[in-house]
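Student: As a plain string of letters, each chain reads:
Number of protein chains: 2
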Amino acid sequence: MTDWAHLYADRSKRMGASEIRELLKLLDQPDMISFAGGIPDPALFPADAFKQAFEDLFSDGGHQTALQYSVSEGYKPLRDWIAGQMAAIGVPCSAENIIITSGAQQAVDYLGKLFLSAGDTALVGWPTYLGALQAFNAYEPAYQRLDPFANMSAQAYRETAAAAGGAVKFAYTSADFANPTGETLTLDARNGILDLAGDLDIAVIEDAAYQSLRFDGEALPPLMALDIARCGDIEATRTIYCGSFSKTLSPGLRLGWVCAATPVIQKLVLIKQASDLNSSTLNQMVMAKVAMSCFEEQVTRIRKVYSERRDHMLAALERHMPAGVTWGRPEGGMFLWLQLPEAMDAGALMEQSVTSAKVAFVPGHAFFADGSGQNCMRLNFTSCGPDRIEEGIARLGRLIAERMPWAA
Amino acid sequence: MTDWAHLYADRSKRMGASEIRELLKLLDQPDMISFAGGIPDPALFPADAFKQAFEDLFSDGGHQTALQYSVSEGYKPLRDWIAGQMAAIGVPCSAENIIITSGAQQAVDYLGKLFLSAGDTALVGWPTYLGALQAFNAYEPAYQRLDPFANMSAQAYRETAAAAGGAVKFAYTSADFANPTGETLTLDARNGILDLAGDLDIAVIEDAAYQSLRFDGEALPPLMALDIARCGDIEATRTIYCGSFSKTLSPGLRLGWVCAATPVIQKLVLIKQASDLNSSTLNQMVMAKVAMSCFEEQVTRIRKVYSERRDHMLAALERHMPAGVTWGRPEGGMFLWLQLPEAMDAGALMEQSVTSAKVAFVPGHAFFADGSGQNCMRLNFTSCGPDRIEEGIARLGRLIAERMPWAA
Numbered sequence: 001m002t003d004w005a006h007l008y009a010d011r012s013k014r015m016g017a018s019e020i021r022e023l024l025k026l027l028d029q030p031d032m033i034s035f036a037g038g039i040p041d042p043a044l045f046p047a048d049a050f051k052q053a054f055e056d057l058f059s060d061g062g063h064q065t066a067l068q069y070s071v072s073e074g075y076k077p078l079r080d081w082i083a084g085q086m087a088a089i090g091v092p093c094s095a096e097n098i099i100i101t102s103g104a105q106q107a108v109d110y111l112g113k114l115f116l117s118a119g120d121t122a123l124v125g126w127p128t129y130l131g132a133l134q135a136f137n138a139y140e141p142a143y144q145r146l147d148p149f150a151n152m153s154a155q156a157y158r159e160t161a162a163a164a165g166g167a168v169k170f171a172y173t174s175a176d177f178a179n180p181t182g183e184t185l186t187l188d189a190r191n192g193i194l195d196l197a198g199d200l201d202i203a204v205i206e207d208a209a210y211q212s213l214r215f216d217g218e219a220l221p222p223l224m225a226l227d228i229a230r231c232g233d234i235e236a237t238r239t240i241y242c243g244s245f246s247k248t249l250s251p252g253l254r255l256g257w258v259c260a261a262t263p264v265i266q267k268l269v270l271i272k273q274a275s276d277l278n279s280s281t282l283n284q285m286v287m288a289k290v291a292m293s294c295f296e297e298q299v300t301r302i303r304k305v306y307s308e309r310r311d312h313m314l315a316a317l318e319r320h321m322p323a324g325v326t327w328g329r330p331e332g333g334m335f336l337w338l339q340l341p342e343a344m345d346a347g348a349l350m351e352q353s354v355t356s357a358k359v360a361f362v363p364g365h366a367f368f369a370d371g372s373g374q375n376c377m378r379l380n381f382t383s384c385g386p387d388r389i390e391e392g393i394a395r396l397g398r399l400i401a402e403r404m405p406w407a408a
Numbered sequence: 001m002t003d004w005a006h007l008y009a010d011r012s013k014r015m016g017a018s019e020i021r022e023l024l025k026l027l028d029q030p031d032m033i034s035f036a037g038g039i040p041d042p043a044l045f046p047a048d049a050f051k052q053a054f055e056d057l058f059s060d061g062g063h064q065t066a067l068q069y070s071v072s073e074g075y076k077p078l079r080d081w082i083a084g085q086m087a088a089i090g091v092p093c094s095a096e097n098i099i100i101t102s103g104a105q106q107a108v109d110y111l112g113k114l115f116l117s118a119g120d121t122a123l124v125g126w127p128t129y130l131g132a133l134q135a136f137n138a139y140e141p142a143y144q145r146l147d148p149f150a151n152m153s154a155q156a157y158r159e160t161a162a163a164a165g166g167a168v169k170f171a172y173t174s175a176d177f178a179n180p181t182g183e184t185l186t187l188d189a190r191n192g193i194l195d196l197a198g199d200l201d202i203a204v205i206e207d208a209a210y211q212s213l214r215f216d217g218e219a220l221p222p223l224m225a226l227d228i229a230r231c232g233d234i235e236a237t238r239t240i241y242c243g244s245f246s247k248t249l250s251p252g253l254r255l256g257w258v259c260a261a262t263p264v265i266q267k268l269v270l271i272k273q274a275s276d277l278n279s280s281t282l283n284q285m286v287m288a289k290v291a292m293s294c295f296e297e298q299v300t301r302i303r304k305v306y307s308e309r310r311d312h313m314l315a316a317l318e319r320h321m322p323a324g325v326t327w328g329r330p331e332g333g334m335f336l337w338l339q340l341p342e343a344m345d346a347g348a349l350m351e352q353s354v355t356s357a358k359v360a361f362v363p364g365h366a367f368f369a370d371g372s373g374q375n376c377m378r379l380n381f382t383s384c385g386p387d388r389i390e391e392g393i394a395r396l397g398r399l400i401a402e403r404m405p406w407a408a
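Protein chains in written order, with the UniProt record's numbering: chain A, 1 to 408; chain B, 1 to 408.
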């Protein structure tokens with residue numbers, strides 16, 4: 001047998017299995033109610049629009065282009081459409097500011113690759129998106145907590161980063177309905193992050209995967225729009241915006257994008273050339289057709305359904321959770337964030353929950369770069385209908401109540 | 001303006017623009033005859049089979065699955081089909097030994113990520129696939145020349161690698177109709193690479209992107225089959241096989257695979273989770289349908305056409321190249337490799353060729369880790385029909401003859 005371990009790169013030590021992805025395999029059990037995955041409801045995909053787009057592509061002769069290699073920056077009509085969408089949220093730009101990626105996940109991976117040498121520091125939320133930690137981990141960074149209200153000086157961040165063997169390179173954040181908490185950053189928090197990034201002279205990575213999924217409340221400008229308002233032009237910004245079609249039209253085509261100043265886009269094009277040449281030409285052409293034909297209509301439709309499911313889950317939590325369990329009310333997105341009494345361990349609970357109660361969720365500690373958050377859990381409210389939400393939360397409430405420290 | 005350069009990771013210094021990818025942009029000029037890209041002829045794509053597969057997917061209800069996220073290892077029926085193909089070339093294995101990647105390019109990138117710490121050494125051919133060098137460069141390796149007949153001791157490889165700051169991790173090779181030379185390794189060379197890898201206790205990465213495209217001569221066993229014949233079982237092998245659908249069915253869907261011992265596949269699954277979650281579910285389901293319906297027929301068809309084009313180009317070279325220019329006769333694949341007189345610089349020739357003669361090729365030095373090969377060039381013979389091959393080679397022959405050192 002080959003002794004593989006001694007051949008692996010140092011970074012492989014930080015490549016762990018994702019609890020979320022492992023949990024996806026449990027979805028197949030018919031009696032399992034899963035609030036674990038961060039996945040859309042497949043019944044809501046705009047299937048007719050996709051079917052039509054594929055038919056059109058093959059009947060209008062576009063398929064020869066679609067089945068071929070294409071440029072690494074992505075399909076121009078799709079980039080043009082995205083540039084239009086960006087302008088509508090306060091980010092005037094052109095296709096030169098857009099690269100197509102295989103989902104926002106790939107964007108986050110590429111940005112780790114572009115910025116992080118081993119020992120460099122990334123500022124991330126406590127908690128933050130698990131997939132970002134996994135992507136960044138391959139580049140062996142240190143993490144510091146991103147907290148715009150911590151009143152920590154730029155110098156203090158720098159000194160801690162130097163002690164870890166590198167420099168602070170970027171702040172990674174999700175301003176709207178963040179995974180995992182569902183929370184939205186206030187305008188003060190957004191400006192605070194930009195101020196801090198300016199003091200540190202670092203990049204800001206804005207992961208906007210859920211931004212289109214606002215159910216209620218008033219939309220706040222993306223960090224990138226605030227940055228442009230400050231400096232006048234996208235070419236002068238430090239913000240790098242990552243968008244995705246996965247939560248709106250379909251994750252199965254694996255398409256997202258980065259919007260940034262052109263020097264950054266040009267670097268990302270080189271990274272894409274070297275890593276997978278281009279995202280599927282066919283999928284980009286189809287996504288352009290579907291986005292142009294029904295994006296707004298589709299977003300309106302899923303917002304309504306997901307908003308109702310959020311309300312169902314909030315109501316079910318009120319009914320079934322014992323005292324001592326708390327949660328927020330997200331204004332959009334896909335997730336609710338539960339805090340159990342501090343003494344409880346959601347990781348241990350998970351095992352019992354999956355095997356006996358047949359309810360799946362993601363334990364909170366997975367989202368903390370320092371492994372804290374033991375008493376937290378993430379619940380997805382988009383992939384189950386109302387009946388299963390009710391039943392699943394009831395089961396989960398019973399399980400938690402049984403295991404309350406004072407119930408024993 | 002943000003000073004991006006000081007924020008980039010050290011590895012970014014080794015991210016250069018690909019001449020091949022930049023050249024792809026020139027294909028759009030109508031009077032340009034391009035032998036530059038390594039791309040299939042789009043007229044030969046099995047368009048009807050793809051059309052039918054998409055229609056079937058939407059009519060049989062598979063589209064809800066197709067539009068959703070899926071497991072990182074890939075779509076099981078496609079992995080099963082690939083395992084069957086691998087068995088047919090002497091590599092008995094199961095779906096557990098297969099991960100689906102976004103083309104063989106992504107496989108090569110992931111293997112660089114898995115094995116190479118900065119300063120580690122990769123053994124590569126002089127020349128080798130440019131895209132492999134680009135992928136590996138992001139992980140900051142040193143290179144040594146892979147030459148199974150160099151009679152260099154394992155100890156000498158090790159000492160040179162240690163002096164470069166790391167250890168030898170793998171040998172990367174393409175055994176059949178390699179990009180860029182079109183050459184096929186003899187059985188002795190294949191066994192020599194396995195012997196060397198055994199002495200060094202390193203992995204062997206076999207890039208088999210062109211393996212199905214044999215026109216004539218007798219097929220030799222892939223290195224992986226030889227490895228299994230030696231050690232009895234895929235689980236005991238050190239070879240990691242990278243396959244692709246890009247040269248047979250379509251590059252536009254971006255699908256390839258890795259076949260290896262399960263511990264390696266499991267590591268690659270973690271890398272895929274963190275980098276793009278999964279290759280397009282839709283494309284994987286469609287590719288499985290198309291592969292099952294027409295793979296053999298399609299390969300037979302394109303072999304015939306490409307074989308004729310190789311012969312056309314060989315005949316045109318005989319007619320139009322001045323004395324002092326030499327080339328081989330590949331038994332398959334997509335490329336011919338020309339050697340100009342030593343004093344000539346194919347890079348300088350290229351600029352004149354594209355601007356005045358309107359013929360594109362790739363200068364040879366791009367394929368050498370040490371930047372040598374100045375007098376070489378790669379010609380692709382698959383993407384142009386006979387008339388354009390004749391015209392393009394005639395133009396190129398005239399240009400070279402004019403610039404022969406003794407012609408001035």
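Treat the hints as calculated values from the structure; they're not laboratory data.
Bear in mind the structure is a predicted one, so any value in this text is a computation, not a measurement.
It is possible that part of the hints are untrue.
Which copy? The list can't say, so a pair holds if one copy fits it or any two copies do.
Unchecked claim - Straight-line Cα separation of at most 27 Å, DSSO-like style, residue types lysine-lysine; simulated pairs: (1) Lys358 <-> Lys76; (2) Lys304 <-> Lys76; (3) Lys51 <-> Lys358; (4) Lys51 <-> Lys76; (5) Lys51 <-> Lys304; (6) Lys13 <-> Lys51; (7) Lys304 <-> Lys13; (8) Lys358 <-> Lys13.
Student: What are the numbers of the hints that this structure violates, sorted from low to high?
Tutor: 2, 3, 6, 7, 8
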